[in-house]
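Enquirer: Spelled out, the chains give:
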Amino acid sequence: MFGKIANNSADASSKLWKADHSLPGRPIFGAQHPPLSSKSNKSVFALLIYRKQQAFTEYMNNTVDAWAIDDDLESENEENDIDKEEPFISKQAVQEVAKRVIHEHKTRNESEKVTLEASSVRRPVASSSSSTACPGIGIRLGQHPSSKTMVPVRFTNQVRSTITTIPDIDSQKENKFKQIFEQSHVDLNELRKTSWNGIPKQFRAEAWKLLCGYLPAKVDRRDDTLKRKRDEYWSYVSQYYHTRSESVHQDTFRQIHIDIPRMNPLMPIFQQLVVQELFERILFIWAIRHPASGYVQGINDLVTPFFVVFLSEFIDNDVEIENFDIGSLPEEHLRIIEADSYWCTSSLLDGIQDNYTFAQPGIQYKVRTLEELIKRIDDPLYRHLKTQHIEFLQFAFRWMNNLLMRELPVRCTIRLWDTYHAEQDGFSHFHLYICAAFLVRFSKDLLREKDFQGLLLLLQNLPTHSWTSDDISILTAEAYQLKVMFANAPRHLS
Amino acid sequence: MLEKATDRSYGMCVGKSCLLLQFTDKRFQPVHDLTIGVEFGARMITIDGKQIKLQIWDTVNIIEMSFNLCISYYRGAAGALLVYDITQRHTFNHLTSWLEDARQHSNSNMVIMLIGNKCDLFARREVQKEEGEAFAREHGLIFMETSAKTAANVEEAFINTAREIYGKIQEGVFDPTNEVNGIKIGPQHANPRTGERPSSSAEKGGCC
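Chains as they are written, first to last, in the working numbering: chain A, 1 to 494; chain B, 1001 to 1208.
Since the hints were derived computationally from the structure, they do not count as laboratory data. Careful, some of the hints might be misleading.
Derived pair list, reagent style SDA-like, types lysine to any residue, alpha-carbon separation capped at 25 Å [said to hold, decoys possible]:
{"hint": "1", "chain 1": "B", "residue 1": "Lys1149", "chain 2": "B", "residue 2": "Gln1170"}
{"hint": "2", "chain 1": "B", "residue 1": "Lys1149", "chain 2": "A", "residue 2": "Ile258"}
{"hint": "3", "chain 1": "B", "residue 1": "Lys1026", "chain 2": "A", "residue 2": "Asp451"}
{"hint": "4", "chain 1": "A", "residue 1": "Lys176", "chain 2": "A", "residue 2": "Asp316"}
{"hint": "5", "chain 1": "B", "residue 1": "Lys1026", "chain 2": "A", "residue 2": "Arg262"}
{"hint": "6", "chain 1": "A", "residue 1": "Lys450", "chain 2": "B", "residue 2": "Thr1024"}
{"hint": "7", "chain 1": "B", "residue 1": "Lys1149", "chain 2": "A", "residue 2": "Pro265"}
{"hint": "8", "chain 1": "A", "residue 1": "Lys375", "chain 2": "A", "residue 2": "Tyr365"}
{"hint": "9", "chain 1": "A", "residue 1": "Lys176", "chain 2": "A", "residue 2": "Pro265"}
{"hint": "10", "chain 1": "A", "residue 1": "Lys450", "chain 2": "B", "residue 2": "Lys1149"}
{"hint": "11", "chain 1": "A", "residue 1": "Lys386", "chain 2": "B", "residue 2": "Ile1185"}
{"hint": "12", "chain 1": "A", "residue 1": "Lys229", "chain 2": "A", "residue 2": "Gly351"}
{"hint": "13", "chain 1": "B", "residue 1": "Lys1053", "chain 2": "A", "residue 2": "Lys176"}
{"hint": "14", "chain 1": "B", "residue 1": "Lys1149", "chain 2": "A", "residue 2": "Gln271"}
{"hint": "15", "chain 1": "A", "residue 1": "Lys450", "chain 2": "B", "residue 2": "Lys1053"}
{"hint": "16", "chain 1": "A", "residue 1": "Lys386", "chain 2": "B", "residue 2": "Gln1170"}
{"hint": "17", "chain 1": "A", "residue 1": "Lys386", "chain 2": "B", "residue 2": "Asn1107"}
{"hint": "18", "chain 1": "A", "residue 1": "Lys386", "chain 2": "B", "residue 2": "Asp1175"}
{"hint": "19", "chain 1": "A", "residue 1": "Lys444", "chain 2": "A", "residue 2": "Gln424"}
{"hint": "20", "chain 1": "B", "residue 1": "Lys1026", "chain 2": "A", "residue 2": "Phe452"}
{"hint": "21", "chain 1": "B", "residue 1": "Lys1149", "chain 2": "A", "residue 2": "His257"}
{"hint": "22", "chain 1": "B", "residue 1": "Lys1053", "chain 2": "A", "residue 2": "Gln271"}
{"hint": "23", "chain 1": "B", "residue 1": "Lys1050", "chain 2": "B", "residue 2": "Gln1170"}
{"hint": "24", "chain 1": "B", "residue 1": "Lys1149", "chain 2": "A", "residue 2": "Pro268"}
{"hint": "25", "chain 1": "A", "residue 1": "Lys444", "chain 2": "A", "residue 2": "Gly351"}
{"hint": "26", "chain 1": "B", "residue 1": "Lys1050", "chain 2": "A", "residue 2": "Asp316"}
{"hint": "27", "chain 1": "B", "residue 1": "Lys1053", "chain 2": "A", "residue 2": "His257"}
Only a predicted model underlies this, so the values are computations on that prediction, with no experimental measurement involved.
Based on the sequences and whatever the hints tell you, model everything.
Expert: See below:
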């Protein structure tokens, strides 16, 4: 078994690097670094682009009958075809910037910890040992049973306001977003760059909708487009939702109907019937319009960040979302939130559809690739896991199926999605590097566990419940380093 | 697997995760988020003065599970708990297909215990105890009704399964030196007085 998997992984990895999605010279956003220009790699790059397009065309031809064409979000934003002039970034420059960002965040993190103690803000303490962790039960770490105080789902980082130097950085960022959004035609490239390191709460919903390709970049087209898309969603509901009891769809609906009340069991907002019905409609409509995969457990989680972010547009900053009484919201607002969540979830799922088709090939491929990555970047950890007979599928299946949402508090998932939205192929490809950086982050803790049981309990309950958005910023910078390293020199470590 | 997919039996909240939580943590959580893939639990128990470490896999609906994942945990399992909900007839109706899958992919000596869970909800009972007993007798399984909520029979279900596995080791049916059987003898020096310390890995599946 072990031998077979190892062989498959090696095979998969060589294919991965050949048909690499993160092409050399692709503009890379973030790390507060503008892409540098270089023409040297142009012919290689053109060839890769051609191959990629060819592969995509083949894929599209094979699957065109499986996906509803009119579900595609209209590419009304010309800027979605970003950067026809794909500039090349020097690896060294990128590495330096990434290191600087990691260092900067780590330093900030340290200073926050000091401030936290001084201001005695209550936060749950991270458990360094897995022995007290609950044994592999699927409770989200944001709701760790041993933490008496539940981590609130807050999207503003209150802690930051206690540090005098940080608000300056934040207000700079806010000004930048203001500038971007003031334009009558939003510069999506600029928005991606600015969003990569996290989006301030007040701009997040609009930024996500733009980056999903849902909201037109041109301001004067927005009202019409939004109205049309929202009406379209509600026409699907009136057209299809009543079919949930018909024999062809009843299994799908029954599963959704069983799963939704079990979501986020410790957050009161998700126990409200109105919210559960909203999720059921979104998932049912999506499932019957995407018969190639239908509804698969885990997809339900992916609606949550959109719902929470779009809901927060209508809620005062000081109200905690997880305790919000949805009944106090006008129905019209709720209908907007539901339609917008549907279209943005749909856009996300379009990019990762092979995660959820039969036998979940996308997930199996990504788990094998993750294994290969770890072998290259952290061989002692890889060997330790193998010696103890840990299979990556045993823990990383969930990482891929639920995009790490079960491993992180919701507020961190939302911050992570800022980067995923800003990054090209963020949810499908960059996520892999995030998973690698995430596993390596716990390398020391894992190496301390000396047997299979200890390792697996830790791997299924990694202590992230006290993580903040700064932890995610470090993670994204580390993942970015990995991406650049492998995109430019796939055999670098072999 | 492809054929099975057409006969989809869905995750039905029969209480697999709740049974495990009750056994390992001695607590009940009424609403439990979906299990994705497999989750893992462990507990030490003592049988005939021997310390035994039970390692338990909590699974999603097996028929929905991707093939590789399915194989990776079936192998090396010495026992399985097959769970249905006494208040939902359809969960009982799917037992046969689950059993076929389990027997096809696992060691033929794997100990299988049939569990009728939620026996505290007797007012909503749809499957009679006698039906569970008859199914178990017919297919050579051990049978118990449990309640993850009240903890009734939860200890017994896991411990009896382990006891059965332990019996098979002593009879020589399982070769404890071959890890494919899901049994691993602990290091001798760990507990020299009790001698061997088998650590048996029991798998817990569900009918849906």
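Enquirer: For this structure, which hints from the list above don't hold up?
Expert: Violated hints: 1, 9, 10, 13, 16, 19, 22, 25, 26 and 27; rest satisfied.
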